[in-house]
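6 protein chains.
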Amino acid sequence: MQGEIVEQLRQVSTATVTMQLLKRGFRTGAMTGLKPWGADAARMVGPAYTLRYIPAREDLCGAPKPGEPPTAQRLAIEECPPGHILVMATDGEQRCGTIGDILAERLVVRKVGGVVTDGAIRDAGVIAGIGLAVYATAAVAPASMNYLHPVEVQRPVGCAGAAVFPGDMIVADADGVVVIPQHLAAEIARDGLEQERVERFVAREVRRGRSTLEVYPPSDAVKAEYRRWVEAGEPA
Amino acid sequence: MQGEIVEQLRQVSTATVTMQLLKRGFRTGAMTGLKPWGADAARMVGPAYTLRYIPAREDLCGAPKPGEPPTAQRLAIEECPPGHILVMATDGEQRCGTIGDILAERLVVRKVGGVVTDGAIRDAGVIAGIGLAVYATAAVAPASMNYLHPVEVQRPVGCAGAAVFPGDMIVADADGVVVIPQHLAAEIARDGLEQERVERFVAREVRRGRSTLEVYPPSDAVKAEYRRWVEAGEPA
Amino acid sequence: MQGEIVEQLRQVSTATVTMQLLKRGFRTGAMTGLKPWGADAARMVGPAYTLRYIPAREDLCGAPKPGEPPTAQRLAIEECPPGHILVMATDGEQRCGTIGDILAERLVVRKVGGVVTDGAIRDAGVIAGIGLAVYATAAVAPASMNYLHPVEVQRPVGCAGAAVFPGDMIVADADGVVVIPQHLAAEIARDGLEQERVERFVAREVRRGRSTLEVYPPSDAVKAEYRRWVEAGEPA
Amino acid sequence: MQGEIVEQLRQVSTATVTMQLLKRGFRTGAMTGLKPWGADAARMVGPAYTLRYIPAREDLCGAPKPGEPPTAQRLAIEECPPGHILVMATDGEQRCGTIGDILAERLVVRKVGGVVTDGAIRDAGVIAGIGLAVYATAAVAPASMNYLHPVEVQRPVGCAGAAVFPGDMIVADADGVVVIPQHLAAEIARDGLEQERVERFVAREVRRGRSTLEVYPPSDAVKAEYRRWVEAGEPA
Amino acid sequence: MQGEIVEQLRQVSTATVTMQLLKRGFRTGAMTGLKPWGADAARMVGPAYTLRYIPAREDLCGAPKPGEPPTAQRLAIEECPPGHILVMATDGEQRCGTIGDILAERLVVRKVGGVVTDGAIRDAGVIAGIGLAVYATAAVAPASMNYLHPVEVQRPVGCAGAAVFPGDMIVADADGVVVIPQHLAAEIARDGLEQERVERFVAREVRRGRSTLEVYPPSDAVKAEYRRWVEAGEPA
Amino acid sequence: MQGEIVEQLRQVSTATVTMQLLKRGFRTGAMTGLKPWGADAARMVGPAYTLRYIPAREDLCGAPKPGEPPTAQRLAIEECPPGHILVMATDGEQRCGTIGDILAERLVVRKVGGVVTDGAIRDAGVIAGIGLAVYATAAVAPASMNYLHPVEVQRPVGCAGAAVFPGDMIVADADGVVVIPQHLAAEIARDGLEQERVERFVAREVRRGRSTLEVYPPSDAVKAEYRRWVEAGEPA
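Chains as they are written, first to last, in our numbering: chain A, 1 to 236; chain B, 1 to 236; chain C, 1 to 236; chain D, 1 to 236; chain E, 1 to 236; chain F, 1 to 236.
One thing to keep in mind: the hints can contain errors.
The list treats identical chains as interchangeable, and a pair is accepted whether it falls inside one copy or across any two copies.
Keeping only pairs whose Cα atoms sit at most 27 Å apart, straight-line, the calculated BS3-like set for lysine-lysine is [unchecked claim]: (1) Lys-35 with Lys-65; (2) Lys-65 with Lys-223; (3) Lys-65 with Lys-23; (4) Lys-23 with Lys-35; (5) Lys-223 with Lys-35; (6) Lys-23 with Lys-223; (7) Lys-111 with Lys-23.
These are computed hints drawn from the structure, not numbers from a lab.
Work out the full structure, taking the sequences as your base and the hints as a guide.
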């Protein structure tokens with residue numbers, strides 16, 4: 001079931017998702033300020049697996065040493081399930097990166113679905129080319145322990161202005177990252193797919209010269225045209 | 001006349017425009033924080049057509065419904081004249097987009113000259129490829145009615161730190177967007193063209209190894225060299 | 001000697017440099033918010049030559065005229081030694097550019113190693129293509145004298161959150177710009193090179209499927225594997 | 001009628017007004033970042049009279065000279081009706097003041113109800129003592145024409161994050177400034193007054209030692225107690 | 001024991017606490033941007049009890065209704081132990097208040113030691129007068145559920161740039177709020193008290209006309225003078 | 001001479017100073033974001049003595065130890081001449097204080113005229129009561145060496161958006177801090193005094209009920225009235 005929702009949402013833009021959210025009374029849900037990092041970031045979809053950071057404290061956060069027990073960050077890298085999106089909440093800390101090339105390589109091996117952070121990443125030049133979808137605010141050199149301490153996984157977090165509960169559906173594309181509450185994912189996937197089809201029709205009519213005031217949002221007459229277009233197999 | 005000014009300004013960089021403004025006592029006129037969106041944004045020129053937004057209010061701003069009277073935004077899309085630049089002032093609201101793919105397609109059909117906003121756009125992935133010059137601060141998913149209410153067109157606005165009066169000349173390139181007061185457009189186009197030619201000569205001399213202290217700004221002797229270079233047909 | 005350090009650091013990422021700094025007790029040193037401008041910016045290394053600006057004052061800062069004595073900015077362009085990095089400190093002024101195409105061309109002719117500024121640049125479209133590494137916060141049209149007054153060269157400056165003393169080693173790549181205190185440059189170059197090699201081995205093991213908890217940071221057993229891998233000529 | 005609404009709202013806190021707005025589906029309406037200036041600012045109420053500024057342009061905005069036609073700002077000072085609140089929208093410009101002591105004195109003489117601006121004021125030391133309620137973001141020395149140009153009065157504006165239409169009811173106290181849409185002012189005044197009375201009762205019970213979980217929001221049993229308290233004349 | 005530490009720290013300024021932290025290698029620990037609210041806020045000390053918020057989601061955060069299960073916020077108000085400081089982490093949300101007058105009254109009744117939040121408060125006019133120490137970033141009218149959802153209590157949080165673990169010692173005065181890691185509270189209280197005494201002596205000598213270069217930090221000779229001053233009963 | 005200018009400027013508000021600057025073509029000169037700290041800050045005037053900080057580096061900036069050579073900061077405290085204003089430029093660093101109570105006491109003893117910083121102060125509770133005029137952006141606990149390194153004195157600096165050259169005249173009141181270029185101080189003092197007198201007359205007329213459009217700026221007729229009022233001894 002969740003796999004089907006994910007497949008449907010891969011065909012739905014974040015712009016459409018937020019319109020479906022607005023129709024249900026939600027003006028929240030979109031993160032702000034995140035950019036795709038690397039060509040592979042386009043159209044990322046999957047359930048959220050969360051990791052929460054707080055500001056660093058010098059006695060807790062030094063250069064890593066062999067034999068130390070793994071931090072919540074290191075566990076998250078190994079435990080985020082395949083297909084899930086690792087959402088790292090930092091309160092917007094941009095002076096250090098939440099993830100670097102070695103951990104990113106591990107996520108690729110583990111078939112994690114992507115990474116979202118309101119903080120920064122490091123080794124961005126490498127990460128851009130390894131086939132991992134990443135949305136972040138910046139690229140910086142220092143490692144996370146310079147300014148961040150990882151606290152816990154799989155708790156609700158705030159990330160770039162949006163609430164994220166574990167299991168919420170994350171959808172991202174060139175417009176950034178949107179969060180769908182878990183209980184609404186199925187219906188928003190379904191209605192979003194239909195909205196995408198309507199908008200393909202409307203865009204076609206606009207390109208053919210019709211006024212947006214006439215065709216958008218579609219009146220009953222335009223809806224009838226739309227249905228005929230669908231029945232005709234959606235001609236170009 | 002205005003067409004000729006536009007053609008001249010297509011050959012003048014925004015850097016040169018602002019130097020011409022400074023020579024006339026203007027340190028203002030350049031917007032800050034806007035980026036070109038899509039490959040087609042380079043060197044956009046045209047007179048401003050303005051649209052002003054204020055923050056949204058829930059009873060005025062919901063998902064669009066067929067049959068509602070068109071908002072100022074929807075009218076602007078249909079009424080901005082060909083060749084004009086649609087300037088949308090939002091006070092820098094980055095949580096929602098002032099324009100999406102369908103409205104952008106309509107602007108292309110209507111041969112509008114481009115779009116400038118101190119807010120964000122949505123459907124940025126599509127817009128980047130449809131042949132419309134767009135300068136904005138960000139790309140986000142939510143539609144404008146989530147956080148913005150369109151009020152009126154063709155009134156003076158502030159946009160990204162610059163005053164814009166309807167009819168002011170907008171010039172944009174990789175350095176962002178600059179506003180030329182309408183009554184100065186002709187003389188700045190003329191003098192800007194000449195400044196560009198001088199700078200081509202100076203850059204040539206610099207590439208040939210001369211000190212910038214010698215050739216920039218050009219002394220009377222260098223100006224004489226410049227005139228000979230012009231008379232010689234501007235050899236490389 | 002300095003040439004050797006520069007060559008070594010060309011093979012060390014800024015991420016690695018900051019980890020070497022952290023191991024020596026430095027959490028500072030990385031600038032924030034700078035982006036490479038143009039394809040040539042990747043992996044820039046060289047000693048810092050500094051230029052300091054303060055806010056402009058109208059009687060000191062007008063359009064340049066022939067015959068005026070050169071400002072500290074103009075002198076810096078002519079005096080920054082080949083291979084050095086011109087670091088221009090502006091307190092983050094983004095309303096005007098610290099450098100334009102003509103001055104940038106001169107830096108290329110003079111074989112300056114690159115440019116770093118916490119302000120903006122102008123003529124960014126041209127600069128991106130002339131073979132000069134530039135790290136800056138933004139591209140804008142107005143020239144520096146609109147909002148900035150150059151004061152002096154080769155004094156300690158703050159730039160994008162980092163202290164820079166003349167002669168400090170600047171290293172930059174896709175993760176931004178990092179400053180190495182001059183007296184640490186040799187040892188950080190040496191240890192950074194070794195860290196890069198260890199991380200190549202670790203990344204290889206991660207790509208082969210091993211857990212990051214097992215191989216990073218390497219235990220004594222993994223270090224032994226690493227040494228065998230080095231002795232075997234670092235097989236892929 | 002409007003006078004009665006104003007009198008009722010003088011007894012309703014802005015905190016209560018926003019709760020009444022939330023109950024009607026409005027999360028917007030509160031301005032952010034404004035502070036009362038001077039002891040007289042507490043509990044300001046009145047309908048909005050709006051003035052809109054855009055960024056200054058050097059040829060339009062100089063030191064005032066006798067005989068110039070009055071700007072929209074100067075007209076607003078003379079035309080804002082008694083009891084109304086002068087709302088000056090500047091997009092948050094804090095480098096210059098929208099009003100100084102002489103204009104403020106005039107507003108006192110004209111019995112204007114107060115001033116709200118998302119910009120700054122000047123002559124703050126004088127204004128604090130002349131009996132005018134002012135809410136602003138800062139106090140600065142430069143006059144408005146340094147960075148602002150007044151455009152028009154009595155149009156909808158955005159101010160400190162809230163939409164303000166002429167005639168909307170402005171309510172302000174130590175928590176800042178809130179806007180009530182004009183058509184809701186009467187019912188929010190009425191229901192806000194009742195909410196204030198309920199909260200006086202609840203606060204009394206809390207001070208007597210009851211748990212907030214028991215009395216807030218009041219259950220049916222507590223509501224019955226409340227009604228008896230009202231009938232008893234609201235004993236302390 | 002903890003009571004004794006609290007009593008000692010009441011005589012130690014936050015400036016002194018941070019110097020003691022720096023001597024132990026901590027540059028972190030001070031929050032930024034918080035102001036005391038009300039005259040009672042001076043010199044607040046106590047162990048931290050934490051409450052964490054994330055951004056609101058419309059289906060979870062509406063006007064409170066009787067009979068709903070209490071949120072983490074409401075539980076925190078009833079469960080924060082006497083003498084403890086309620087630390088509310090919001091990621092700096094300033095559009096709504098984390099606490100209003102009724103909940104604040106309850107904290108006074110329950111003898112809670114004070115409130116710290118990187119968000120705002122509401123009913124600030126009332127709270128300023130009820131005898132509760134509060135440090136916050138702003139005062140605003142809207143209630144917390146407009147933009148915030150309370151998630152959990154007594155977990156580590158980031159607040160105004162500092163890490164706060166439950167039980168860490170909070171110290172606040174006119175310079176803002178500082179966090180002492182729990183395991184360092186006793187020694188910092190002891191050494192801070194002594195530093196305060198040394199500084200009283202140094203300030204006395206400075207007021208008597210000696211150079212700060214001579215007496216601060218005290219040389220061995222000045223330390224000997226100090227000891228005599230202490231033995232003499234600290235004469236004025 | 002300088003003493004006379006200072007005495008004149010004590011009777012001229014910063015609002016008036018900036019208007020005199022604007023009449024001479026200066027829109028710059030006012031700092032932004034600074035607040036008076038303590039009751040003694042009102043109407044501070046004196047020539048600038050500058051101190052410049054850059055970001056801290058861990059090996060240069062630790063807790064002070066006896067016997068270390070004095071830093072530029074410590075020298076500035078001992079060398080800033082009586083009556084001068086100590087201007088400390090930090091690029092707006094608000095995480096640590098540029099000055100605490102002991103150094104402030106020394107400035108009082110040394111009869112320094114006041115302190116201006118675009119950073120923060122510490123021990124603000126004490127400083128507010130010792131009779132020193134201080135303008136700063138915030139009060140925080142950590143000492144300067146946590147995040148700042150003092151570099152040099154008596155060089156031009158940027159402070160809170162304004163250029164400050166040593167010897168420039170600093171004027172401050174409730175509207176903040178303004179810088180007068182040294183060569184303009186005498187004429188601005190003289191013309192500012194006269195402007196203050198004109199404005200006292202205008203304010204008097206406004207309080208008597210005349211329209212601001214009639215009396216401000218004064219027409220020739222009103223100027224004649226003004227001269228009679230001056231000749232009559234400026235009756236109330």
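Taking the hints in turn, this is what the structure says about them:
no.	hint	result
1	Lys-35 with Lys-65	neither (32 Å within a copy, 31 Å between copies)
2	Lys-65 with Lys-223	between (64 Å within a copy, 13 Å between copies)
3	Lys-65 with Lys-23	between (51 Å within a copy, 11 Å between copies)
4	Lys-23 with Lys-35	within (26 Å within a copy, 31 Å between copies)
5	Lys-223 with Lys-35	neither (36 Å within a copy, 37 Å between copies)
6	Lys-23 with Lys-223	within (19 Å within a copy, 36 Å between copies)
7	Lys-111 with Lys-23	neither (34 Å within a copy, 32 Å between copies)
Violated hints for the displayed structure, listed by number in ascending order: 1, 5, 7.
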